[in-house]
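Fit chain B to the known structure of chain A by using the hints.
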Amino acid sequence: DTGVSQNPRHKITKRGQNVTFRCDPISEHNRLYWYRQTLGQGPEFLTYFQNEAQLEKSRLLSDRFSAERPKGSFSTLEIQRTEQGDSAMYLCASSLGQGPNEKLFFGSGTQLSVL
Amino acid sequence: SQKIEQNSEALNIQEGKTATLTCNYTNYSPAYLQWYRQDPGRGPVFLLLIRENEKEKRKERLKVTFDTTLKQSLFHITASQPADSATYLCALGDTGRRALTFGSGTRLQVQP
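Chains A and B are the protein sequences, given in the same order.
First residue of the first sequence? That's 1 in the numbering used here, and the numbers climb one at a time after it.
First residue of the second sequence? That's 1001 in the numbering used here, and the numbers climb one at a time after it.
Among these hints, one or two may not hold up.
Quick list of simulated restraints, FRET-style, between CB atoms [as the list claims (entries may be wrong)]:
hint	chain 1	residue 1	chain 2	residue 2	range
1	A	G85	B	E1005	20 to 26 angstroms
2	B	Q1111	A	P70	29 to 35 angstroms
3	A	K14	B	G1016	28 to 34 angstroms
4	A	R59	B	E1060	37 to 43 angstroms
5	B	E1015	A	Q80	44 to 50 angstroms
With the C-beta cut set under 7 angstroms, the calculated list includes, among others, these residues of chain B facing chain A [what the hints assert, rightly or not]:
hint	residue
6	Y1028
7	Y1032
8	R1037
9	P1044
10	F1046
11	R1051
12	A1086
13	L1089
14	S1104
15	G1105
If you're looking for bench data, these hints aren't it; they were derived computationally from the structure.
Glycine included, C-beta positions come from ideal geometry on N, C-alpha and C.
Chain A on its own, in the form it takes in the complex (with noise of 0.2 angstroms):
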């Protein structure tokens, strides 16, 4: 089973440091997305895809976050000069079709913590 796949599981850097994820979505599914969420909370929506297109942005995703999506297959999430408030799960989900019939597929998630 060829599922979301999310790399590291499991990050611990210094504040300011600079920090990359990687997402590979399900192969033939068109749409991707970043979700960030804390311990409590529900995934919250940091930015999305169609194909290599961003077409979605966050008003929360501070110019220190950066995504990518080249081709229109893996993406990556930056976050530059972390501060202690990225401490966080990051989610990347995928999905096929839109509207009401769209599902999200989620990887595991990377655990970043910032100390």
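Just chain B now, with coordinates in the frame of chain A:
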């Protein structure tokens, strides 16, 4: 602003009983609503979807209702089992904004 409310307190029930979880929303007119299950350390898993023109959907032991007048969805698990213990998230979507908006989830604990 848009707000989605799920009971933040854990729901504890006995095995075999029906669990009922609530999702309320304000300042929102969703075209559809989805329910996901999330286990600790894992990503959410899709369970059910219901559209605004549907009152009820069923899938095996799961049932979801959607009342657009009350701005509420109820999620039922009948004949609950300890394996149903998890956090359940509701998510709202509309035809304009493409990304789902999630509630904070309710943790369900089924006691054997």
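Okay, the hints, checked on the actual structure:
no.: 1; hint: A:G85 x B:E1005: 20 to 26 angstroms; result: holds, 24 angstroms
no.: 2; hint: B:Q1111 x A:P70: 29 to 35 angstroms; result: violated, 49 angstroms
no.: 3; hint: A:K14 x B:G1016: 28 to 34 angstroms; result: violated, 50 angstroms
no.: 4; hint: A:R59 x B:E1060: 37 to 43 angstroms; result: holds, 39 angstroms
no.: 5; hint: B:E1015 x A:Q80: 44 to 50 angstroms; result: holds, 49 angstroms
no.: 6; hint: Y1028; result: violated, 14 angstroms
no.: 7; hint: Y1032; result: holds, 4 angstroms
no.: 8; hint: R1037; result: violated, 11 angstroms
no.: 9; hint: P1044; result: holds, 5 angstroms
no.: 10; hint: F1046; result: holds, 4 angstroms
no.: 11; hint: R1051; result: holds, 5 angstroms
no.: 12; hint: A1086; result: violated, 14 angstroms
no.: 13; hint: L1089; result: holds, 5 angstroms
no.: 14; hint: S1104; result: holds, 5 angstroms
no.: 15; hint: G1105; result: holds, 5 angstroms
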